[in-house]
Each structure stands twice: as structure tokens, then as C-alpha cells.
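Trainee: When we follow the working numbering, the leftmost residue of the sequence shown carries the number 13, and every step to the right adds one.
Honestly, the hints are just simulated from the structure, not real lab data.
Don't take every hint at face value.
Stated by the list, open to error - Label-pair distances were calculated between CB atoms; the ranges are:
1. His70 x Asp206: 53 to 61 Å
2. Leu227 x Arg185: 38 to 46 Å
3. Ser242 x Arg318: 31 to 39 Å
4. Gly379 x Ser351: 49 to 57 Å
5. Ala456 x Gly399: 23 to 31 Å
6. Asp497 x Arg538: 27 to 35 Å
7. Asp460 x Arg111: 45 to 53 Å
Every residue, glycine too, gets a C-beta built ideally from N, C-alpha and C.
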Amino acid sequence: MIALGLSGGFGHDAAACLVIDGRVVAMAEEERLSRRKHAEDELPLQATRFCLEQAGVHPSDVDEVTLSWDSQRDPTAATMRRVADAIESDDLFRAAGTRPTPVSHHLAHAASAFWPSGFDDAAVIVVDGNGEDVATSVWHGSADGLTPAYDLPSTQSLGHMYDAVVEYTGLGRRSAGKLMGLASYGDPATDEIDFPRVDLTEDGYRLDVPDLDHLPSRDRFIELRRFWRSVLQRTFGEPFSAEDWSRMALGEVPARHVRVAASAQRAINGCLARLAERWTEKLSTRNVALAGGVALNCTANGALGRTGIADALFIIPPAHDAGGALGAALWTAVAHGDSLVRSDPFSPFLGPLPQEAEAVEEAVRLGLSVTGSGDIASEAALRLERGEVIGWVQGRAEIGPRALGARSILAAPRLSGTRDRVNDVKGRERWRPLSPSVSASAAAEHFDGVVSPYMLMAVPAAASTVDVVPAVVHIDGSCRPQTVDGALGDPRYPSLLDEVERRSGVGIVLNTSFNLAGEPIVSSGRDAVDTFTRSRLDALVIGDAVITR
13 MIALGLSGGF
23 GHDAAACLVI
33 DGRVVAMAEE
43 ERLSRRKHAE
53 DELPLQATRF
63 CLEQAGVHPS
73 DVDEVTLSWD
83 SQRDPTAATM
93 RRVADAIESD
103 DLFRAAGTRP
113 TPVSHHLAHA
123 ASAFWPSGFD
133 DAAVIVVDGN
143 GEDVATSVWH
153 GSADGLTPAY
163 DLPSTQSLGH
173 MYDAVVEYTG
183 LGRRSAGKLM
193 GLASYGDPAT
203 DEIDFPRVDL
213 TEDGYRLDVP
223 DLDHLPSRDR
233 FIELRRFWRS
243 VLQRTFGEPF
253 SAEDWSRMAL
263 GEVPARHVRV
273 AASAQRAING
283 CLARLAERWT
293 EKLSTRNVAL
303 AGGVALNCTA
313 NGALGRTGIA
323 DALFIIPPAH
333 DAGGALGAAL
343 WTAVAHGDSL
353 VRSDPFSPFL
363 GPLPQEAEAV
373 EEAVRLGLSV
383 TGSGDIASEA
393 ALRLERGEVI
403 GWVQGRAEIG
413 PRALGARSIL
423 AAPRLSGTRD
433 RVNDVKGRER
443 WRPLSPSVSA
453 SAAAEHFDGV
463 VSPYMLMAVP
473 AAASTVDVVP
483 AVVHIDGSCR
493 PQTVDGALGD
503 PRYPSLLDEV
513 ERRSGVGIVL
523 NTSFNLAGEP
533 IVSSGRDAVD
543 TFTRSRLDAL
553 VIGDAVITR
């Protein structure tokens with residue numbers, strides 16, 4: 013069958029995913045195509061068109077369209093019912109001749125994590141802001157499918173708690189990643205402050221919050237945020253403002269900010285570990301699969317991995333709401349009896365190709381210099397060796413918020429000043445960490461052989477690593493590596509790492525997403541050229557072309 017999964021229409025991170033005869037053939041996030049960060053309240057129309065065109069499928073060929081939200085489980089969510097109506101009335105979807113079928117938000121998340129994991133059996137943990145009426149859920153993934161095991165109501169949301177801290181610290185909306193990076197500046201010897209109102213329980217955790225479940229969903233979350241703001245102010249003092257951060261962006265990180273962030277991060281670490289400990293034992297499995305926005309917290313994921321609770325840990329790259337489209341399509345395929353075609357490991361390179369010719373044409377039109385290369389890996393490695401910061405665009409785009417070598421900004425990490433320079437290029441705060449892509453041999457030497465193909469786990473770097481590649485080791489000695497698998501994605505990226513290793517002796521490059529502050533990651537060749545012209549990048553490498561000023 014042909015199954016189309018959708019997320020979005022309200023909220024954030026709209027996306028579309030197409031599964032044909034059990035194989036994931038295409039997926040795209042609407043923000044990459046609309047060029048509006050997080051695609052707030054957008055229908056995934058452009059993402060859907062891409063998926064259908066990529067597969068050569070007409071809308072009328074689609075057997076079922078599935079939405080990753082069930083408005084029947086959230087009677088107050090009239091918005092979501094309007095989304096279904098809007099989808100049905102749009103020409104693109106009307107051609108499919110089917111009204112969207114709802115699947116619960118957390119079931120879609122669970123499906124997105126379990127079936128791509130390669131596990132035959134797993135505890136599947138979903139932690140996010142909220143679904144229709146739950147904030148955390150645990151599922152037993154097995155040959156029988158996904159069976160619900162445990163859940164907590166929406167007021168017990170770790171995602172909303174963490175976002176309240178983000179707001180309190182003045183880091184800006186949707187800046188959970190900044191808070192995670194800030195927490196690492198904490199000193200365990202002096203910053204051990206327990207986060208208020210969080211208790212671990214036998215089955216997981218409990219947040220000591222008011223009973224708000226009787227309120228309509230919108231009012232419920234307004235009151236919940238108001239409650240957390242009050243708690244934080246009583247515990248840590250007056251909140252910080254965005255103006256405070258604008259003045260301090262290039263200076264020393266203030267101690268009070270750090271204490272708040274570190275306290276919240278420890279709470280997340282503890283809750284996630286307790287959930288995994290309890291439910292791997294109760295479900296008699298040693299495998300854990302994670303999804304939901306909180307599963308993008310690399311620090312918590314790394315801490316969980318080091319507990320030894322699980323023999324194997326899988327985090328789906330689009331763990332945020334965009335991943336609901338993937339899960340909805342997979343769930344639909346399985347529900348209709350399709351056998352899923354698994355790739356091990358799961359390949360996140362499901363998005364559009366960059367269209368090199370289009371990029372070259374645009375570069376020439378703008379008066380930029382364009383040269384070709386018969387050995388693009390060697391050319392790029394030479395530029396990195398000279399200290400250049402380059403845009404790198406190759407093959408089908410990755411899904412999820414981490415750049416994995418398809419739409420990346422790259423630099424040599426051997427000088428500590430490289431971090432400041434790359435952060436300046438992107439318009440990011442200088443204290444924020446940057447991450448490496450590493451070859452298998454470098455992972456063995458510098459990161460204890462960790463396998464982390466999606467850049468979703470923070471791990472301790474070897475003692476010598478900070479001397480070798482200081483720009484990608486965070487203040488606490490941790491690192492968030494992407495271990496590059498030559499079987500995934502465009503072959504030019506592993507070739508680049510091989511060439512860097514041949515030249516420098518260390519197969520590590522600094523890799524961050526190809527976007528400027530407040531913008532989505534680039535998708536097309538034109539996006540890449542446009543972003544290049546507005547940045548201080550030294551060169552743009554796309555396909556076998558090198559574009560410079």
C-alpha cells in the first residue's frame with residue numbers, strides 16, 4: 013500500500029512522509045521548503061508534494077493519509093479538526109479521495125522510534141510537551157506491534173517544565189538546545205540544587221503541580237506555564253530577560269543562569285533514567301527506543317546510555333513533532349498488513365536532492381566564482397586544512413534537526429578559536445558547543461568506540477581529545493559526536509573524513525547545521541547559495557562544484 017503520514021497544521025514542525033509497500037521512500041520537513049523556522053501552524057503542503065514527486069506517485073494513488081494527532085482524544089482541540097477539514101479541502105489532498113485518518117500523537121512518536129530501531133523487542137519511551145492528553149508514555153514494542161504500558165497526563169510534562177526554564181532564563185522561544193548547552197557549565201561541587209517539584213517514583217516520576225486537567229487544553233498550558241514561572245522565581249529569584257542575554261552573549265556565562273540550567277538538566281536526566289530502568293525491567297527487555305521532543309536532549313540521552321540500563325539505545329533523528337509524520341505512515345502500513353522493509357541502521361537521508369546545476373546557475377547570476385573539482389573530498393579537505401569554514405551540500409537532505417553531512421557547515425576543529433568563529437558565522441552565542449563528525453577509527457580512539465550515527469548522545473571525550481580537537485569538546489569535557497557510517501547518505505562525506513584523516517592523522521571535522529540564526533537548515537541549491545551570500549563562509553561546496561566570492 014501507499015501510506016502518507018502528516019504532522020502539523022497547528023503547533024510546530026509540520027512534515028510529510030511517504031511509505032510504499034513497507035519502505036520509507038521520502039520525508040521532508042515543511043520548514044526546509046517554506047523557509048519559515050518550525051513551520052508554525054502550517055500544513056505540510058510543500059513537503060507532501062516533494063514526497064509524491066520523489067516517488068513518482070499521483071495523489072490519487074495514495075491509499076491512506078494519516079494525521080499524527082487524534083482530535084477525538086482531545087475534545088477541546090477544535091483547531092485540529094479544522095486542520096483535517098483544511099487538508100481534505102486542499103486540491104492536493106482532495107485528489108487522494110480520502111479523509112485523513114487520525115492516530116494518537118504519542119502512538120505516532122512510538123512508531124517512529126520502534127520500527128526504524130531494528131529492535132525485535134523494546135521499551136519505547138515517548139517524552140515531549142504533550143500529545144492530546146498525555147505528556148509521557150511507555151510502549152512495549154514487539155512482533156505484535158506497540159502495546160501501551162504506562163502514561164502520565166499532560167500536566168506532568170517534562171517538556172513544558174524544561175521550556176518554562178528556557179523562558180525564565182531569557183534564552184528565547186524554542187531554545188531548549190541552548191539550555192542544554194548552558195547546563196554543562198555547572199560545577200557539580202557547587203551547583204547541586206535539586207529542581208523543585210520533581211520526584212522520582214516506582215514507575216517513573218511525578219511533578220508536584222496543580223490539578224488542571226479539567227481546563228480546556230489552551231487554558232491548561234497557560235496556567236501550567238504560569239505555575240512554573242512562579243516556582244522558578246521563588247526558588248531561583250527574578251527571571252532573566254532577553255536583553256540580559258544580548259549584553260552577555262560574548263562574555264562570561266553568569267553563574268545564576270548556570271545553576272538554574274544545571275538543576276533542570278539533572279531533573280530530566282533522572283526522570284528519563286528512572287523510566288528506562290523501571291520499564292526495561294517490567295517489560296523484560298534490554299532495548300530502549302526514544303522519541304518526543306525531550307529525546308533530542310543529548311545530555312540526558314548520553315547519561316542514560318552510561319547507566320548500563322539498556323544494552324542498546326536508539327533515538328530516532330526526527331524525535332520532535334516532525335517525526336510524527338514518519339510514525340503515522342509506518343503505523344498505517346503495519347495496520348494494513350504490510351511488512352516493513354528495515355534498513356540497519358536507519359537512514360535519515362530521505363529529503364530532496366540539492367540540484368547542483370540550479371545552484372551553479374544562481375551563483376553565476378550573482379557574480380560568484382564557480383570551479384569544478386574531480387576530487388571534491390580532497391579539495392574540501394585542503395580548504396579545511398587551510399582554516400576555511402565551508403558550506404557542504406551533498407545528496408538527499410537529512411531529516412531531523414541535526415546536520416549529518418548532507419546540509420552542513422564544516423571546519424577543522426584543531427584550534428579552540430574555531431568554535432567562536434563558526435558560532436559568529438552562524439550568529440550564535442559563543443558559549444554554545446559545536447559537534448564533530450568522526451570516522452570509526454577516531455571514535456575508537458577519542459570516544460571509547462561509541463556508535464552514534466545521528467549526533468544525539470553527549471559522551472565523555474578522552475583526556476587527550478581536548479588537546480587534539482578543542483573546538484568540539486564542551487566545557488565539561490563532553491562531546492556530541494556523529495559517527496559516520498559509509499553505508500548511509502552521500503559517499504562524498506565519508507570520503508572527506510578519510511581525506512582529512514590522511515592529511516591530519518585524525519578523522520574528525522567540526523560539523524554544524526547549514527543555516528543562520530533563526531532560519532531553517534538549507535534544502536535546495538538556491539537556499540545554499542542564498543545563505544552563503546549572507547554569511548561569512550569562505551566557500552560553498554555543492555556536488556562537485558566549489559563556489560567562492
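Trainee: The structure should be examined with respect to each hint, and the outcome stated for every one.
Mentor: Verification of the supplied hints:
Judged by the Cβ atoms, the range 53 to 61 Å given for histidine 70 and aspartate 206 holds: they are separated by roughly 57 Å. Checked against the given bound of 38 to 46 Å, the beta carbons of leucine 227 and arginine 185, roughly 22 Å apart, lie outside it. Range check, serine 242 to arginine 318: about 34 Å between beta-carbon atoms, so the 31 to 39 Å window is met. Taking the beta carbon of each, glycine 379 and serine 351 are about 53 Å apart, inside 49 to 57 Å as hinted.
A beta carbon spacing of about 27 Å between alanine 456 and glycine 399 agrees with the range 23 to 31 Å that was offered as a hint. Take aspartate 497 and arginine 538: their Cβ atoms lie about 29 Å apart, and the range 27 to 35 Å holds. Under the hint 45 to 53 Å, the C-beta atoms of aspartate 460 and arginine 111, about 51 Å apart, fit the expected range.
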